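With the hints as extra help, turn the sequences into a complete structure.
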Amino acid sequence: METKDRSIELNLLKTARGQIDGIIKMLENDRYCIDISKQILAVQALLKKTNLEILKKHMNSCVKDAFEKGNGEDKIDEIMLVLDKYYR
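Residue numbers (numbering that gives the first Met the number 0): 0 to 87.
Honestly, the hints are just simulated from the structure, not real lab data. Remember, predicted model here, so these are calculated numbers, not experimental data. Do not take every clue at face value.
[Claimed, not checked] Cβ pair distances, simulated, as ranges:
1) Gly-71 / Arg-30: 46 to 52 Å
2) Ile-19 / Glu-52: 16 to 22 Å
3) Val-81 / Asn-10: 19 to 25 Å
4) Cys-61 / Asn-10: 17 to 23 Å
5) Asp-83 / Lys-37: 24 to 30 Å
6) Asn-70 / Leu-12: 27 to 33 Å
7) Cys-32 / Lys-68: 51 to 57 Å
8) Glu-52 / Asp-20: 18 to 24 Å
9) Leu-9 / Ile-75: 23 to 29 Å
10) Leu-80 / Ala-44: 18 to 24 Å
Beta carbons: idealized from backbone N, C-alpha and C, even for Gly.
As structure tokens, then:
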């Protein structure tokens with residue numbers, strides 16, 4: 000398996016981390032609950048986007064390699080477990 004460029008995922012997670020720090024400050028400063036909730040939803044969206052990027056790269060590398068070697072079904076099962084949790 001080749002080394003993957005993780006810059007997209009890292010940037011998304013760093014942005015989410017910055018937003019989480021902002022949410023903590025909002026809570027400490029007793030900001031309006033709806034504003035806090037909106038920021039939490041924004042972080043959740045970033046985390047979902049990051050996870051989809053990771054899964055996409057996983058499918059284009061690990062899953063592809065496994066199918067080329069004839070054992071891709073296990074990788075499909077792994078992805079299905081993740082997606083099952085994702086959609087709950």
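Against the structure, the hints:
1. Gly-71 / Arg-30: 46 to 52 Å: holds (49 Å)
2. Ile-19 / Glu-52: 16 to 22 Å: Because 19 Å falls inside the window, the suggested range holds.
3. Val-81 / Asn-10: 19 to 25 Å: Holds, at about 22 Å.
4. Cys-61 / Asn-10: 17 to 23 Å: Given about 22 Å between the Cβ atoms, the range holds.
5. Asp-83 / Lys-37: 24 to 30 Å: Given about 28 Å between the Cβ atoms, the range holds.
6. Asn-70 / Leu-12: 27 to 33 Å: holds (31 Å)
7. Cys-32 / Lys-68: 51 to 57 Å: holds (52 Å)
8. Glu-52 / Asp-20: 18 to 24 Å: holds (22 Å)
9. Leu-9 / Ile-75: 23 to 29 Å: holds (27 Å)
10. Leu-80 / Ala-44: 18 to 24 Å: Holds, at about 22 Å.
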